[in-house]
Structure formats: C-alpha cells, structure tokens
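Enquirer: Chain by chain, the residues:
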Amino acid sequence: EAGVTQSPTHLIKTRGQQATLRCSPISGHTSVYWYQQALGLGLQFLLWYDEGEERNRGNFPPRFSGRQFPNYSSELNVNALELEDSALYLCASSLSLAGAYEQYFGPGTRLTVT
Amino acid sequence: TQLLEQSPQFLSIQEGENLTVYCNSSSVFSSLQWYRQEPGEGPVLLVTVVTGGEVKKLKRLTFQFGDARKDSSLHITAAQPGDTGLYLCAGDPGNQFYFGTGTSLTVIP
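These protein sequence lines are chains Y and D, in that order.
Be aware that the first sequence starts at 1, since it is given in my numbering, and climbs by one per residue.
Be aware that the second sequence starts at 1, since it is given in my numbering, and climbs by one per residue.
Honestly, I wouldn't trust all of these hints.
[What the hints assert, rightly or not] Where chain Y lies over chain D, by a calculated footprint (3+ residues, C-beta under 8 Å):
#, segment
1, 36-50
2, 98-109
[Said to hold, decoys possible] Just the calculated beta-carbon pair ranges, DEER-fashion:
#, chain 1, residue 1, chain 2, residue 2, range
3, Y, Gln18, D, Glu17, 30 to 38 Å
4, D, Pro39, Y, Glu102, 46 to 54 Å
5, D, Pro8, Y, Gln18, 33 to 41 Å
6, Y, Thr9, D, Gly52, 19 to 27 Å
7, Y, His10, D, Val44, 14 to 22 Å
8, D, Gln14, Y, Arg63, 43 to 51 Å
Source of the hints: derived by calculation from the structure; they are not laboratory data.
Beta carbons: idealized from backbone N, C-alpha and C, even for Gly.
With the hints as constraints, model all of the structure from the sequences given.
Expert: Have a look at this one:
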C-alpha cells in the first residue's frame, strides 16, 4: 500500500511569490494535516482538513491557505512568500476524526525562499 | 509555552548506554503517540499509548503512559547508532493535535 506522497520534493521561490504544495493521503484516509518545520525546530501545526472541510488551523497568517479535494488529496498555498517561510512542509493523513487517530507522514517538501 | 514539553532537548550518548526521554504536559490526553524523525524525512509513528499506566515495548524501546495521562516516557536500552534521530511525542487534548518540542538523540558508535 502506498504511503503519503508529497510534491514537489524541493521548491525554490523568491520573496513575494506564491508556492503550491501537494499531498496525496494513504488510500482510505480522509483527514489531511499540514505542518511547518523550520530548521532545527519542532513541528508547528498549520491546517487540518477532513471530508473536504477545514476543521482547524494553527496560529499562522491568512496567506497560508489550502483545500482538500473530493479524492482527499490536498493542496497548501502560501502567498506573498517571506524569507522566514523557508522550512520543511510536512503532510500527514489519518483514518478518523476522533480517538487515537495516528498520523502517517509524507517525506515533506523543502521550501526555500530567497 | 508549549503544550507538550520534552526533556532533554538534546542527548548525545555512547553506543550501548541506556536513556530515557520525557514528555510532560499539564493537560490530559486520551492518547499519546511517539514518533521518530530522521533528517530531511517525515516523522515515523513508533507507538500509541492509550490507557493510563500503560507500558508498551518495541524491541529495545519501552514506552509508558502516566497514570493521570498527562505525561509519557520513552526508555531505550543499549542504544544503537540506528536509534539516532529526533523523537517527538504528540497528542490531542481535545481541540487540536500537538507535537512536543522534540528530543534530538545522537548515539555515537
């Protein structure tokens, strides 16, 4: 069974541009989570989608947005890129909303803003 | 202030030594997960603990959930270089999934 996939692996953008990151969850998983991990730091929760709806978002500005498609894949958009947006962006998927919902992560997209 | 505080933040030990990593919170969790992350990769789920006082073993790794379900520990026996990585605890106290601050472990051959 295929795991969580993310594309692209690496993305280089200049300040002010927009970035689009994509994630495909494990088959059968309906929840998708996005996290930002700056170099040497822990995971900061960005967004949570389930059944096409945004369920929760972390403490990030509105220029971080996303969506979940009918096939449960997801897209993260970052507008007006800033240098501090450079980080590893991780996507995870899980089976259900409630209980001990264990998350399975993709390999991440390394975004570099110059 | 982080909801899940891990200690120590960094740990460098010799191969064969034992170690314990702690994950503490003032909130109650219905379950806690432990993950290991290697550089440039996504975290990999190691275990989920659900019941207060529960102990789970995964080869040389022993995970314990506190009786009050506010804390957890990870004990590694006879550490190997392959254990090197960032260890993260994680859980949902009822409103959002949180990851701990992380413990970076280096096992020196």
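Enquirer: Now look at each hint and say whether the structure bears it out.
Expert: Hints versus structure:
Note: the segment 36-50 of chain D has 8 residues with beta-carbon separation from chain Y under 8 Å; the three-residue rule is met and the coverage holds. Requiring three or more residues with a Cβ within less than 8 Å of a Cβ of chain Y, the coverage given for the segment 98-109 of chain D holds, as 5 such residues are present. Take Gln18/Y and Glu17/D: their Cβ atoms lie about 48 Å apart, and the range 30 to 38 Å is violated. Checking the proposed 46 to 54 Å range against Pro39/D and Glu102/Y shows it is violated: the Cβ atoms sit about 23 Å from each other.
Here the CB-CB span from Pro8/D to Gln18/Y is close to 40 Å, well matched to the stated 33 to 41 Å. Remark: the range hint 19 to 27 Å for Thr9/Y to Gly52/D is contradicted by a beta-carbon distance near 41 Å. For His10/Y and Val44/D, the Cβ-Cβ distance of about 21 Å falls inside the hinted range of 14 to 22 Å, so the restraint holds. In this structure the hint that Gln14/D and Arg63/Y lie 43 to 51 Å apart at CB holds, the actual value being about 46 Å.
Hint compliance for this structure: hints 3, 4 and 6 are not met, and every other hint is.
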